[in-house]
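If you read the sequences in order, they're chains A, B, C and D. So the first sequence is numbered by the numbering used here: it starts at 1 and just counts up by one. So the second sequence is numbered by the numbering used here: it starts at 1 and just counts up by one. So the third sequence is numbered by the numbering used here: it starts at 1 and just counts up by one. So the fourth sequence is numbered by the numbering used here: it starts at 1 and just counts up by one.
Simulated from the structure, these hints should not be mistaken for laboratory data. Here a beta-carbon is modelled for each residue, glycine too, at the ideal position from N, C-alpha and C. Every clue listed holds true.
To list a few chain B residues with every Cβ distance to chain D over 12 Å, as calculated:
#	residue
1	A35
2	W308
3	L332
4	V344
Partial list, computed: chain B residues near chain C (C-beta under 7 Å):
#	residue
5	I12
6	L89
7	L150
8	S158
9	L161
10	V168
11	F172
12	G175
13	W326
14	I338
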Amino acid sequence: MSIYYYLSAFLFCLGLLGITFKKDLISMLLCLELMLGGVALLFILFSKATGFIDAQLMVIFMMIISACEVAIGLSLIIALYRKKQTIYTNDIKILTE
Amino acid sequence: MLIEIVEILLKIVIILALPLGALPIIIHVERRGAAFMQKRLGPNRVGPFGLLQPLADVAKFMFKEEVHPTHVRDFFYTAAPLVALVVALLPLACIPIAAPIDAFGKTIYPEVFRSDMGIFFAFAASALGSYGILLAGWASNNKYSMLGALRACAQMVSYELSLSTSVVAMIFLYGTNDIHLIIKAQTGYWFGFLPMWGFFLQPVAALLFLVGIFAESNRLPFDLAEGESEIVAGYHLEYSSMKFALFFMAEYIHMIALSALFIIFFFGGYSLLPGMEIIANKSPILLVALQAISFITKIALMIWFFVWVRWTLPRFRYDQLMNLGWEKLLPLGIANLIVTVLFVYFRNP
Amino acid sequence: MEIASFAVFFVIACTLGAFLLGISSLLGQKRKIVRENDVYESGVNPVGSAIRQYDIKFYVTAILFLLFDVEIVFLLPWALAYGESSDKAFMISGFVFFMVILLVGYIFVINSKALKWEE
Amino acid sequence: MSVDIFLSLLTAAFALMVVFSKKTVVAAFALLMTLLTIAIIYFQVGTVFLSAVQVLVNAGAIAILFVFVMMLINLEQFPNNREKNKMKLIITSFTVLVIMGVLALVINNNIEMLSVENLTDNSMKALFDKLFTAYYLPFELATMLLLAAIVACIVITSHEKHEKHEKEELLETEKNR
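Work out the full structure, taking the sequences as your base and the hints as a guide.
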């Protein structure tokens with residue numbers, strides 16, 4: 001049971017690392033999803049450890065919010081791709097047209 | 001410890017042997033049924049009544065050359081049929097063949113993966129079905145197969161919505177997620193002759209689930225993904241011999257698993273067929289055998305229904321298909337859900 | 001215990017698939033004809049790369065599926081909790097509110113030509 | 001105990017694949033496998049309903065969305081010869097390692113307090129009762145959030161309307177010139 005704490009910390013940090021390393025926006029969103037998974041696991045472990053069952057409800061709401069976030073994030077990426085024909089972060093540096 | 005190992009292996013062997021054993025029979029029934037409906041004979045050369053024809057096909061698939069085109073993404077090209085087969089087999093782990101038996105001092109549950117969320121896991125596993133198709137479409141690196149994979153997945157995905165509305169309606173009525181309790185709620189008779197199946201309780205949800213099953217397993221009239229006329233052969237275009245046969249098997253097993261779910265929800269799962277109670281209460285072993293037999297006959301009738309619909313209805317155009325899924329079935333599912341909830345509430349607040 | 005049986009089931013299913021693939025690669029003939037390994041476009045010479053722009057409708061369908069699926073899946077706990085709930089009127093009011101918002105979203109989707117497939 | 005170690009190593013391996021894989025579609029399928037192994041961990045820890053919802057929502061819908069977008073936006077055609085400035089990579093990896101070290105230290109100090117189990121009633125019934133009585137308002141607001149997400153996604157991805165506006169404006173400018 002206790003190894004899952006290290007796993008959730010590892011997932012969170014790996015997601016963070018991934019966001020800084022990745023070049024295009026979709027992979028960043030993937031790593032963000034990884035971080036969310038790590039934090040959700042932590043919620044469940046704390047709900048087991050402290051006996052406070054509301055933490056598991058927090059994971060349910062986290063799933064709703066992560067679904068909305070991925071939906072809107074990918075729509076923005078599609079709109080960006082349509083305008084700029086690229087999603088590499090190096091090419092999207094100019095704020096104007 | 002030994003008993004548990006034997007129990008697990010026995011259950012797994014039974015759960016895997018039934019669909020894989022039934023596969024040649026289903027293929028044979030499909031061919032002969034199609035021939036019967038079109039007033040022709042169908043395969044009857046190989047063995048008595050052509051019964052060995054499916055085995056001949058399997059042998060043919062084994063000996064055909066493994067064409068491995070150079071332009072495909074190698075690892076995912078071979079992984080896709082495996083993923084498709086394993087994902088098709090997963091829902092079978094949660095489907096019970098018979099009622100739980102209390103032997104050796106504890107109750108033995110017939111399904112491999114026992115949890116009080118049983119029906120939810122089976123439903124979630126069937127939702128993973130589109131990954132094998134997506135992987136195949138992407139890995140074979142071919143315009144037609146990618147388009148076929150996208151179309152197949154968009155269709156499966158949009159019909160899963162109306163499927164889940166009917167699942168929510170049924171779970172609301174039964175009030176439980178455990179398959180055995182659902183089936184216990186369906187045993188018994190109304191006014192003596194009508195069995196208390198979910199079908200008579202919720203015909204609209206049954207219709208939605210049935211259409212969802214046809215769309216989810218890419219069967220006609222929803223097999224747009226492999227529509228020969230438009231796109232050559234859909235996602236399994238670049239596959240030959242055994243890998244193509246694995247996709248074929250995955251589709252049939254996925255069809256068996258979904259029809260098993262349909263029967264659990266609407267036709268009383270392994271509850272005994274009307275005439276069977278008289279001889280059922282002799283000994284527990286006979287009871288279990290009869291339950292398994294009644295479950296298998298219901299699935300066989302369901303498979304015959306698949307074959308029957310396949311050779312009667314023409315194929316949908318793609319926009320009609322998506323239109324039906326989003327603008328016709330989904331509102332029907334939501335309306336059905338609202339009506340059942342309000343009806344149950346106002347009948348006994 | 002369930003995880004053990006599920007793991008054994010998963011392993012057996014994978015070995016079954018691998019076994020079938022293994023047999024066919026062993027028994028199948030080995031003929032190296034270069035023409036066979038080309039992209040299959042019903043005999044015609046392949047034109048352009050396979051990766052090209054696909055219609056956005058596929059994406060809009062997947063996105064709407066995700067959002068509606070999350071809404072419908074979270075009706076399941078409601079359906080289970082309704083049975084044992086003491087104050088049923090409160091639950092029904094929550095259900096009606098939930099359904100109103102679901103229908104508002106659905107009507108917006110239908111009127112918004114996002115899912116119109118015929119170009 | 002060995003099952004825990006095996007599951008966490010499996011998840012860590014898939015997570016590493018997500019971050020360090022060259023192709024994004026490989027990363028998407030690796031993320032799918034991570035979400036599935038996390039669902040198995042949820043089942044192992046005891047929260048059965050959450051593992052089913054995780055399989056259905058996260059692995060069954062969000063990962064499909066990622067693969068669909070990968071297929072829509074074909075990344076392979078861009079030559080990926082962006083120069084990696086070494087300095088940025090070193091600094092970021094160093095800070096992430098520091099964060100990881102701090103987290104590991106924190107967990108290590110009070111591991112006894114954390115790994116005690118006193119969740120008495122872990123049944124689904126307790127979870128759902130709380131969800132619909134105490135947490136009634138967040139549940140309704142969550143559906144509002146989903147409604148907002150639906151409207152936002154449709155407006156963002158459908159660009160026909162904007163072109164229509166631009167055409168109308170052009171016509172008007174010609175008319176009144």
